[in-house]
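S.K.: Chain by chain, the residues:
There are 2 protein chains.
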Amino acid sequence: MGLGMARSLLRAGLPVWGYDIREDVRQAFSAEGGQPVSGLSDSAALSDLLFIVVVNAAQTEQMLWFGEQGIAARLRPGSVVIACATISAAAARRISGRLAEHQVLMLDAPISGGAVRAEAGELTIMASGPQAAFERAQTALAAVAAKVYRLGEEAGQGSQIKLVNQLLAGVHIAAAAEAMAYGIRQGCDPEALYEVISHSAGNSWMFENRVPHLLAGDYRPRSAVDIFVKDLGLVLDSAQEAVFPLPLTASAHQMFKQASASGLGREDDIAVVKIFPGINLPAAANEEI
Amino acid sequence: MGLGMARSLLRAGLPVWGYDIREDVRQAFSAEGGQPVSGLSDSAALSDLLFIVVVNAAQTEQMLWFGEQGIAARLRPGSVVIACATISAAAARRISGRLAEHQVLMLDAPISGGAVRAEAGELTIMASGPQAAFERAQTALAAVAAKVYRLGEEAGQGSQIKLVNQLLAGVHIAAAAEAMAYGIRQGCDPEALYEVISHSAGNSWMFENRVPHLLAGDYRPRSAVDIFVKDLGLVLDSAQEAVFPLPLTASAHQMFKQASASGLGREDDIAVVKIFPGINLPAAANEEI
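Sequence order for the protein chains is R and V.
The working numbering numbers the first residue of the first sequence as 64 and each following residue consecutively.
The working numbering numbers the first residue of the second sequence as 64 and each following residue consecutively.
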């Protein structure tokens, strides 16, 4: 998603420095007019805005503070960090607080939409942070997002709404898997199930988006099982602090963990359907998949 | 929903006899050009097509076979019963088999869409049954439905897909309640949650349709908690026969039962949110609601 966002920024005519741990991604970025850097701190000194597009809070903090490569100390006062990973509200507040010590502003700005929408500059961003940070980031946010929700002035407000979204996204993927497994077990035609339900009250964004992978027998990861092991874990951790019951989230989390422990962690998230025993799932048309 | 369907049939210019246990519904139907009957068997002798729009298999069977009012024996050979309740596939096969003894055809034809779409003639019908039954019912089905799925020749195929749809509908309502309760507990603005999630990957048909009731504090039943106590029970019973695990369905069923046992059974199904403790749900703007 980071490469797609960088491409959207380039298309908007903005100068972009970029870093990815993968050499091939840095080369692709360079070939399209981006300015790859070999270390994080090089770009930090040059940028007014820094998008951090990684998988969790630990990676976000490692980028900012780990050793010689840590870039927080190189950021100029008044620059803006746009933190895009799905993290807990508490982590968003902690990171924002540490950046403030360097007079650096932060947008707590988790993203939604996947790699395809990142390429198209059509992400949804659920953002909170100071007015000044929104103003400085406005052009860049418009380049990467179709919709930017401004959810308040405080770090944590963006991440908290993203977590509620992830709760539903995870439960809906697991429910799509459970429903398809049950229907197949009861003798329904999988294609008919998809056709009818995607036009009925049982539909969800995830059902409509993920079940075609199942029907094609194609479990190459667009988003992986392990992402929901992580994200539903974040939701449950935050609810645990509040001693708040989340029965469906807990069930769905167990299902993703069962899938991951069965070796499916890096498959597409709808591979959670493979935990259901004794059914014949549609096979891939092509064994190379 | 039966009255709305009867109105749609009248609008299509078809002669319609109708029965409802509620006197006021019979009067409304009569005032609009329908021909109310005081007992079920009167209409049976007159009709080529009989829509049965009741809540479950027991009511369907009671209408057809109970005592002097039982209408199965009065139906003419070659007439078609259109069974619209949400029932198990096994019940659909059983009822169809008994009707065949009278040379009466059956469409296993559960409906989806709610009262508003029934009035508009825009239901979705998930139907299976013999070709001849579809042909004889064609004009009437077109009058009440925007979409008729033909799911096979056998009774049970329609009902089975409806049950898969109900599995998802029930889980998604319970998930919408859980997500809104969690978000409110974590300090999110409920209106912002709805706005963001209904435009994001966490959306579902049910989230989009039911959460506005919660935001308005309006729990008047469009569809009631007890409908999902029943429908998820049907799903779980059928899975129990096959010893097939349905973890999310089982969790959601417990949530609806907890709500029903708390006295919420006849409230709108999103009232399942009231099982979550220690949160302030939006209040109704008007205490008369």
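Worth flagging that the hints you see were computed from the coordinates, not collected in a lab.
A quick note: this is a predicted structure, and the numbers were derived from the prediction, not measured.
Please note: incorrect hints may appear among the correct ones.
Identical chains share a label here; the pair holds if one copy fits it or two copies do between them.
[Unchecked claim] DSBU-like mimics (lysine-lysine), calculated; alpha carbons at most 35 Å apart, straight line: (1) 320 x 337; (2) 293 x 210; (3) 337 x 293; (4) 320 x 210; (5) 293 x 320.
S.K.: Work down the list of hints and note, for each, if the structure agrees.
M.R.: Taking the hints in turn, this is what the structure says about them:
1. In this homomeric assembly, residue 320 and residue 337 come within 35 Å of each other (Cα to Cα) both inside a single copy, at 12 Å, and across copies, at 29 Å.
2. In the homo-oligomer, the alpha carbons of residue 293 and residue 210 lie at most 35 Å apart inside one protomer (25 Å), although the nearest pairing across protomers, at 40 Å, exceeds that limit.
3. Taking the shortest Cα distances, residue 337 and residue 293 sit within 35 Å of each other both inside one copy (19 Å) and across copies (28 Å).
4. Only within a single protomer do residue 320 and residue 210 lie at most 35 Å apart by alpha-carbon distance; the minimum there is 32 Å, versus 39 Å between protomers.
5. Taking the shortest alpha-carbon separations for residue 293 and residue 320, both the intra-copy value of 9 Å and the inter-copy value of 30 Å come in at or below 35 Å.
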